[in-house]
Every structure is written in C-alpha cells, then in structure tokens.
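Protein chains: 2
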Amino acid sequence: MSESIKPRLEVCMSPALLHLYDVKDSIVVIIDVLRATSTICTALYNGAVRVIPVADVAECVRIGQALGAITAGERDGKIADGLQYGNSPFEYPRNFVEGKTLVLTTTNGTKLLHMAKDAKQIITGSFPNLSAVCDYLVAQKQHVLLGCAAWKDRVNMEDTLFAGAVVNRIRDHFTVNCDSALLSESTYLAGKDDLFTFMQGATHFKRLSGFGLEDDIRYCLTPDGANVLPLLVNNELVAYHQ
Amino acid sequence: MSESIKPRLEVCMSPALLHLYDVKDSIVVIIDVLRATSTICTALYNGAVRVIPVADVAECVRIGQALGAITAGERDGKIADGLQYGNSPFEYPRNFVEGKTLVLTTTNGTKLLHMAKDAKQIITGSFPNLSAVCDYLVAQKQHVLLGCAAWKDRVNMEDTLFAGAVVNRIRDHFTVNCDSALLSESTYLAGKDDLFTFMQGATHFKRLSGFGLEDDIRYCLTPDGANVLPLLVNNELVAYHQ
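Chains as they are written, first to last, in UniProt numbering: chain A, 1 to 242; chain B, 1 to 242.
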C-alpha cells in the first residue's frame with residue numbers, strides 16, 4: 001500500500017451488517033467486551049497456550065476431551081451443561097491457566113468470528129488489551145474493520161464503546177470514512193471519564209448485574225489489564241509476539 | 001396499556017436490523033434526514049395534499065401520470081430520468097406545491113417504509129418536524145420504534161442524530177431499554193450545539209456537499225422549519241390534524 005494513502009478504518013456495529021463490508025482485505029478485530037474477548041486476552045495474558053473458540057457446547061466438549069483442555073462457556077448466565085468453567089475473566093488466573101489450552105464457546109463473539117473467517121487476519125479486542133490492539137493495528141498499516149459482536153445482532157453499548165476507543169486512539173493513522181466509526185467515537189468520548197457509570201443504562205449491564213457480576217463488568221471496562229494481542233492462527237487464538 | 005407501565009422506545013439503526021424488532025405493536029417513525037423525510041414534511045407543510053412514496057422510478061411515472069401529480073426522485077444525486085423534480089426540500093415551496101399531490105421515490109427511505117408496512121402506524125420524522133413528531137409520540141402513549149433509513153443499510157450519522165434528538169426529548173415518557181437509543185442520544189448530545197459542523201465528517205455530508213447542497217443539509221438539520229406530522233394512510237403520507 002502506498003505510504004501516501006492511509007488504510008481504511010471502519011466499524012461494523014452488528015454481525016447482521018457484516019456483509020456490507022469487505023473483510024477479505026482487512027484485519028478484523030472481533031469485539032465482545034462482556035465478556036468473551038476480555039476473557040480471551042486475560043487467559044492468554046496469564047499464560048494459556050491457546051484459546052480455541054467454538055460455536056457450540058457439543059463441539060466444546062468434544063475438542064476439550066480430545067485435547068485434555070479446559071472447557072468453558074455459558075448459556076443464559078450459567079456454566080453450560082457439560083462444560084467446566086464460565087465466561088468470567090476472573091476464572092482464569094495464572095496459577096490455573098498457565099500452560100493450558102482453553103476451549104471456549106460463546107454465542108455472539110464466536111458467531112462473528114466464524115462469519116469473518118475470510119478476513120485477511122483476525123484478532124480480538126476488548127478494554128483489557130486496548131493498547132495491544134491499537135499498537136498492533138498502527139504497526140500493520142492494513143485496512144481495519146472493528147467488528148462488534150453485539151447481542152443477538154442488536155447493536156450494544158459496550159462493544160461500540162470499545163470500537164470508539166480504538167477509533168479515537170488510532171484515527172490519525174487511518175482514513176475514516178465510516179459513520180459508525182464516528183458514532184462509536186463520539187459515544188466513547190461521552191463516556192470515557194467513567195465508563196462503568198456510563199454503562200449503567202445499557203442492556204447488558206442490567207443483564208449481568210442481575211447475576212452479581214459488577215466486578216466482571218468493571219474489569220472488562222478497564223484498559224490494559226491484560227495487554228496481549230490474541231491472533232487467530234489455524235482457528236486458534238494465540239498470543240502474538242513480535 | 002396500563003398507565004403505570006411506560007411504553008417502549010427503541011431505535012433501529014439500519015433497515016438490515018429491522019427484523020430484530022417487533023413493528024406490529026409499534027408506531028414506526030421512518031427517518032431519512034438527507035433528504036426524503038425532510039422533503040416530505042416540507043411539502044405537506046407547504047400545503048401538498050399528500051405525498052405518495054413509491055419504490056422505483058417506473059412506478060413513480062405511472063402513478064404520477066394516472067393522478068396528474070408531481071413526480072420526484074433522484075438517483076446518484078440527479079433527477080431520475082422520466083421524473084420532473086428532485087429530492088431537495090427547496091423545490092417544494094407553497095406557491096408550487098399547495099393543493100397538489102407529490103409522488104416521490106427515494107432509495108433508502110422508501111425501502112424502509114415498505115419493510116415496516118406491518119407496523120401499527122407509520123409516520124415520518126426529520127429535524128424540520130422534530131417537535132411535531134415528539135409531541136405526537138408522547139400523546140399516543142404507544143410503543144415507538146425510531147427507524148433509521150441509513151445508507152444502503154449502513155448506519156449513518158444524520159438519521160442517528162435525529163433518532164437521538166427524539167430520544168433525548170421524549171425519553172421520560174417511555175421505557176428505554178435499547179442500547180441503540182442510548183448511543184443515538186449520546187451522539188446527538190455531542191453534536192447538538194452545532195449539528196452542521198458535527199456532520200462535516202459524515203459520509204453523506206461529503207456526498208451531498210460534492211453536489212453543492214450545503215444549504216439543503218443546513219435546512220435538513222434545523223429543527224421545526226416545517227412542523228407538520230406526516231402519517232401514512234392507505235400508502236399515502238398526509239398531514240395529521242388532531
């Protein structure tokens with residue numbers, strides 16, 4: 001790509017809009033802030049060898065057994081039948097996850113990841129690895145699509161906020177000709193001084209706080225607690241090392 | 001509906017997301033700020049008897065001939081072949097449009113209108129009739145879906161800004177459990193002091209200003225210049241009178 005032309009930076013606010021974007025020539029950042037992509041970077045940051053994202057519980061069990069791996073995933077806020085662990089980043093401290101493989105099934109995040117499989121490259125993003133994502137994207141000098149996992153295809157607040165945080169941080173290195181990017185950024189700027197309070201009207205905040213998960217939400221909205229870059233290689237997310 | 005339970009207020013940011021919402025029990029507000037719904041309320045405000053929205057140019061010509069009506073519509077920023085007038089609100093002053101029927105074809109707005117045909121009721125909204133829309137919605141005490149026409153299914157800035165303006169104005173009368181509504185409102189609040197300047201990064205601003213349409217944009221972003229309520233009755237938009 002010519003140095004004089006900056007690569008494109010776009011935001012896709014819902015998987016139901018993904019077909020409107022050209023993923024083939026872009027790095028796609030999968031964003032599922034509450035909580036899949038926050039948990040993925042946390043597990044890798046704490047030494048997990050890899051995280052294998054899978055679409056459903058049966059596949060999670062099958063691969064988990066074949067590899068002797070940790071199986072994890074929730075449905076309706078509870079650990080899914082047949083799996084061992086849930087979606088909380090706090091379940092994956094170093095003394096548990098180091099050196100291990102985690103097989104994870106989530107609904108929205110995994111769905112988007114599979115939909116974007118033709119992308120030039122796939123990474124995952126969330127506030128705990130905000131800086132790692134931004135630094136990587138700036139260094140690659142490629143088109144970028146920030147893909148929000150959303151909630152059952154409905155646009156959600158937390159993924160949009162993260163997309164906005166990335167846009168705000170790296171926009172000078174890119175051409176931004178995408179209203180979703182501008183909307184995300186303006187919402188992030190409105191909320192950035194206290195994301196936790198800003199999130200309290202959001203649907204997912206109400207859903208998770210009903211399960212007593214305020215600490216999870218707070219962690220998932222805090223930048224750079226697990227600053228590693230999960231990169232999809234052969235359908236496995238591994239920590240990228242330069 | 002019980003007086004103790006407030007009706008629902010939601011925002012659908014793109015026609016490609018409309019299937020996620022239950023339109024049957026809602027008043028749907030069709031929003032196509034640049035420029036279809038701004039032009040519709042302007043024509044009715046200036047005395048047009050009705051505006052008939054149609055899907056394509058051929059239908060526009062056919063109905064226009066049958067009714068002896070004004071035919072209007074643009075494709076790629078120019079008056080479409082076979083039609084008489086364009087999409088600019090300034091083409092429909094009182095001394096031209098009063099007492100007449102306008103048959104209008106637009107791409108995004110008309111598409112959404114037809115998609116939402118099962119709604120309990122359909123009205124159209126834009127900044128020139130902001131107060132009329134808000135007053136009507138508050139008075140009806142029904143569920144409301146603010147439907148953004150967007151641009152070829154991509155979320156756009158101007159329709160989101162108008163949705164946010166409505167949310168901000170009437171939210172106390174409704175239950176707002178919709179992140180798209182919160183995002184729209186926060187973006188509107190960020191831009192409201194100078195919507196014209198705020199819009200200058202948006203894709204449609206660049207597209208229209210390339211055609212020298214800054215005056216159109218300025219009018220379409222100014223509240224209450226044509227404060228009438230277009231209501232769809234038998235596939236025709238007519239001014240609602242209490």
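These aren't lab readings, by the way, just hints derived from the structure by calculation.
Each hint should be verified, as a subset may be incorrect.
Pairs count within a copy or across copies, as identical chains cannot be separated in the list.
Claimed, not checked - Once the Cα atoms are required to be at most 27 Å apart in a straight line, the calculated DSS-like pairs of lysine-lysine come out as:
{"#": "1", "residue 1": "117", "residue 2": "192"}
{"#": "2", "residue 1": "6", "residue 2": "78"}
{"#": "3", "residue 1": "120", "residue 2": "192"}
{"#": "4", "residue 1": "6", "residue 2": "206"}
{"#": "5", "residue 1": "24", "residue 2": "100"}
{"#": "6", "residue 1": "206", "residue 2": "100"}
{"#": "7", "residue 1": "24", "residue 2": "192"}
{"#": "8", "residue 1": "141", "residue 2": "206"}
{"#": "9", "residue 1": "78", "residue 2": "152"}
{"#": "10", "residue 1": "111", "residue 2": "78"}
{"#": "11", "residue 1": "152", "residue 2": "6"}
{"#": "12", "residue 1": "152", "residue 2": "120"}
{"#": "13", "residue 1": "24", "residue 2": "141"}
{"#": "14", "residue 1": "24", "residue 2": "117"}
{"#": "15", "residue 1": "141", "residue 2": "78"}
{"#": "16", "residue 1": "100", "residue 2": "152"}
{"#": "17", "residue 1": "152", "residue 2": "24"}
{"#": "18", "residue 1": "6", "residue 2": "111"}
{"#": "19", "residue 1": "111", "residue 2": "152"}
{"#": "20", "residue 1": "6", "residue 2": "120"}
{"#": "21", "residue 1": "6", "residue 2": "100"}
{"#": "22", "residue 1": "152", "residue 2": "117"}
{"#": "23", "residue 1": "117", "residue 2": "206"}
{"#": "24", "residue 1": "117", "residue 2": "6"}
Hint-by-hint comparison with the structure:
1. 117 with 192: neither (31 Å within a copy, 39 Å between copies)
2. 6 with 78: Neither. Shortest intra-copy (44 Å) and inter-copy (31 Å) distances fail the 27 Å Cα cut-off.
3. 120 with 192: neither (31 Å within a copy, 39 Å between copies)
4. 6 with 206: between (40 Å within a copy, 18 Å between copies)
5. 24 with 100: neither (32 Å within a copy, 50 Å between copies)
6. 206 with 100: Neither: 33 Å inside a chain and 51 Å across chains, both beyond 27 Å.
7. 24 with 192: For residue 24 and residue 192, neither the intra-copy (32 Å) nor the inter-copy (37 Å) Cα distance is at most 27 Å.
8. 141 with 206: between (38 Å within a copy, 25 Å between copies)
9. 78 with 152: Answer is within; shortest intra-copy Cα gap is 17 Å, inter-copy 39 Å.
10. 111 with 78: within (19 Å within a copy, 41 Å between copies)
11. 152 with 6: between (33 Å within a copy, 24 Å between copies)
12. 152 with 120: For residue 152 and residue 120, the Cα distance is within 27 Å both inside one copy (25 Å) and across copies (24 Å).
13. 24 with 141: Within. Shortest intra-copy distance 15 Å satisfies the 27 Å Cα cut-off; inter-copy 47 Å does not.
14. 24 with 117: Cα proximity of residue 24 and residue 117: one copy only (9 Å, versus 36 Å across).
15. 141 with 78: neither (40 Å within a copy, 37 Å between copies)
16. 100 with 152: Classified as neither; 30 Å inside a copy, 45 Å across copies.
17. 152 with 24: Answer is both; intra-copy 24 Å and inter-copy 20 Å each pass.
18. 6 with 111: neither (30 Å within a copy, 34 Å between copies)
19. 111 with 152: both (10 Å within a copy, 24 Å between copies)
20. 6 with 120: For residue 6 and residue 120, only the intra-copy Cα distance (17 Å) is at most 27 Å; the inter-copy one is 47 Å.
21. 6 with 100: For residue 6 and residue 100, the Cα distance exceeds 27 Å both inside one copy (39 Å) and across copies (50 Å).
22. 152 with 117: Close inside one copy (19 Å) and across copies (24 Å); limit 27 Å.
23. 117 with 206: Neither: 31 Å inside a copy, 32 Å across copies.
24. 117 with 6: Within. Shortest intra-copy distance 24 Å satisfies the 27 Å Cα cut-off; inter-copy 43 Å does not.
The structure shown violates the earlier hints numbered 1, 2, 3, 5, 6, 7, 15, 16, 18, 21 and 23.
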